[in-house]
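Student: Spelled out, the chains give:
There are 2 protein chains.
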Amino acid sequence: MQSSGNSSGKCRVLLDAMGGDFAPLNEIKGAISAESDDKNLEVWLAGDKSKIISVMKENNLSFDISRIVDASQVVTMSDPPVQAYKEKQDSSLAVGLRFVKNGNADAFVSAGNTGAVMTFSVLIFRKIKGVDRPTIGTLMPCVGGYCTIFDAGASVDSKAHHLAEYAVLGSIYAEEMLNIKNPRVGVLSVGEEESKGNEVSKKAREMIKTLGLNFLGNVEGKDILKGNVDVTVCDGFTGNIVLKFAEGVNYLLKHLIKEYADESIFKKIKVGLFKSSLKAIFSKLNYENYGGVPLLGVDGITIIGHGSSSPLAIKNMVLKAAEAHRKELLQKLAGAIASRNIDHNEGNPE
Amino acid sequence: MQSSGNSSGKCRVLLDAMGGDFAPLNEIKGAISAESDDKNLEVWLAGDKSKIISVMKENNLSFDISRIVDASQVVTMSDPPVQAYKEKQDSSLAVGLRFVKNGNADAFVSAGNTGAVMTFSVLIFRKIKGVDRPTIGTLMPCVGGYCTIFDAGASVDSKAHHLAEYAVLGSIYAEEMLNIKNPRVGVLSVGEEESKGNEVSKKAREMIKTLGLNFLGNVEGKDILKGNVDVTVCDGFTGNIVLKFAEGVNYLLKHLIKEYADESIFKKIKVGLFKSSLKAIFSKLNYENYGGVPLLGVDGITIIGHGSSSPLAIKNMVLKAAEAHRKELLQKLAGAIASRNIDHNEGNPE
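One line per chain: the protein sequences are A and B, in this order.
Per numbering that gives the first Met the number 0, residue 0 is the first one in the first sequence, and the count goes up by one each step.
Per numbering that gives the first Met the number 0, residue 0 is the first one in the second sequence, and the count goes up by one each step.
Hint data in this document are derived by calculation from the structure and do not stem from the laboratory.
Computed from a predicted structure; not experimentally measured.
There could be a bad hint or two in this list.
The list makes no distinction among identical chains, and a pair is therefore deemed to hold if it is satisfied within one copy or across any two copies.
As the list claims (entries may be wrong) - Subject to a maximum C-alpha distance of 30 Å in a straight line, what follows is the list of computed BS3-like cross-link-like pairs (lysine-lysine):
#1 K100 <-> K38
#2 K267 <-> K221
#3 K283 <-> K180
#4 K225 <-> K274
#5 K269 <-> K38
This is chain A alone, in the form it adopts within the complex:
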């Protein structure tokens, strides 16, 4: 676990300035905006120092350049993660994570290549003791608020004991970061009955039963949106498909509204009059507004954002990372894992 001591007393978040599609501009803007919102926050940028300074000048932005950690390389969205790790040790991603690992900052944030952020985080931060497979969560709007899904794509071949880990990690995350008391945990399956599910989900249910969580057993796809579960656990293949399907909902809604408006001039006017209401109603479905998802199970705080993150999204990611540090999320996750005995062999002899 990283040291949290620093002389300024402020929470220090290291932001990968070269990560997102609009880097470093959105990153600089997000950093400035986060510091303006939270006076006890200090943002550090990792990236090409001369590039960052020139973008600052071009856009008339003011940021303390002594808090830019120079890095000569950039991991691109199309870089294969493991290869990038071998070849790009001076990337903003690697430099930034090591900066946190060495205790110079408290948390790490990137809107870069998700697979690479995950791989680099695991290799540099290492895993929390007792965790076999770190997990990326996603936040999902639902009736009554928001819920989470773990895993949303860190692994495509999760095993039952990984789902058990997701249940513990996700439960702590929901409690600490979403302020959900005693979060309800469910295993995503094809029916509520115990007999329903595939091999992994059925075995996971048996394992999670014993972990002392607020466990509902199986939940179905519809339970996620109906607000019937706070922490949905599933393999990362299924979770990623559900997440991306959900991202498509907003797109389809916009299309259906446009299709309706195009039917007649009268309908177009009606939609025009109701436009601001539609926007307000559906704003909750815009996944790009959420500003980052956690990578849990590594021994450091990593928040990962969408490549297309806006300055607002970047700001929210930075604030979330700071919140995670202040709430000692990492220590709580480690404690929750340490106090449980999740059998990595799933009952099979070693």
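With chain A's structure known, arrange chain B on it following the hints.
Tutor: Okay, now just chain B, sitting in the frame of chain A:
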């Protein structure tokens, strides 16, 4: 394959009158309504004859009682399918399917226990030659129209060669029943790149490549709703979760609209004025309106409906079954499978 000869020259659909949650009332109403829409259609009902007649009388409904095939038992929604097959050979489900199998009707429709309808259909109709695993499809609204997902829950442990079968069967279904010329087939995965996916999806992609379909390779969850694919193939665990998640979207939208309206009297009035438009815009998302999904790969036409099917949904199911018969869907599916060599051993020695 069933004989399609009959003396009246009409297309004959056998409807399980005891299947749905509102059986037999909705079934009787749906049957009457289907016959009224299509004069070349003859609906037969399987079920408890005296019960059906008494419900007809109570509701002042007129249906030719010589077309009721008596069956003393009912398969309930909670009956385990295999056990029900052993113990309920005189159920409306078994009697109805045998009636079709014996050539007395051309297609079978039920809004009953989905698992039981599938199990009974496989055991009574048997499988199309060359098919290892029949599949239930689902229809999904998307930008530009509708698309399909196979499998939507017939199997929880689909293997790669099953997905290859789904691709062939689904492609024919989309072409014949949804009038999509040269339908685009995709394997549901976590990224477009060839390297993305789990073991089953990656192997399936390699197999489907060779089948001479209009094959896109991998598609992601968002591609379904964006209208980027006509036939999405995936294991039934994933497909069922996506289907049920999609069912939850409508529920969440209603909630978001209500939440907005409850914010102020002004907003409530606005929503009230726009109510009929909202209903029109989102009607496409109401999965209960679709009226049934196909079970493909069995040697007979089976259309399965939602337990809560309305008379309109029942009517649509019956009409869809008749359409499938008239379009010789079964012969086309069998031909498409026979003309391809899908390796049930997936390259492994037997």
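Student: State for each hint whether it applies.
Tutor: Outcome of the hint check:
no. : hint          : result
1   : K100 <-> K38  : within (24 Å within a copy, 76 Å between copies)
2   : K267 <-> K221 : between (32 Å within a copy, 27 Å between copies)
3   : K283 <-> K180 : within (22 Å within a copy, 37 Å between copies)
4   : K225 <-> K274 : both (25 Å within a copy, 22 Å between copies)
5   : K269 <-> K38  : neither (45 Å within a copy, 41 Å between copies)
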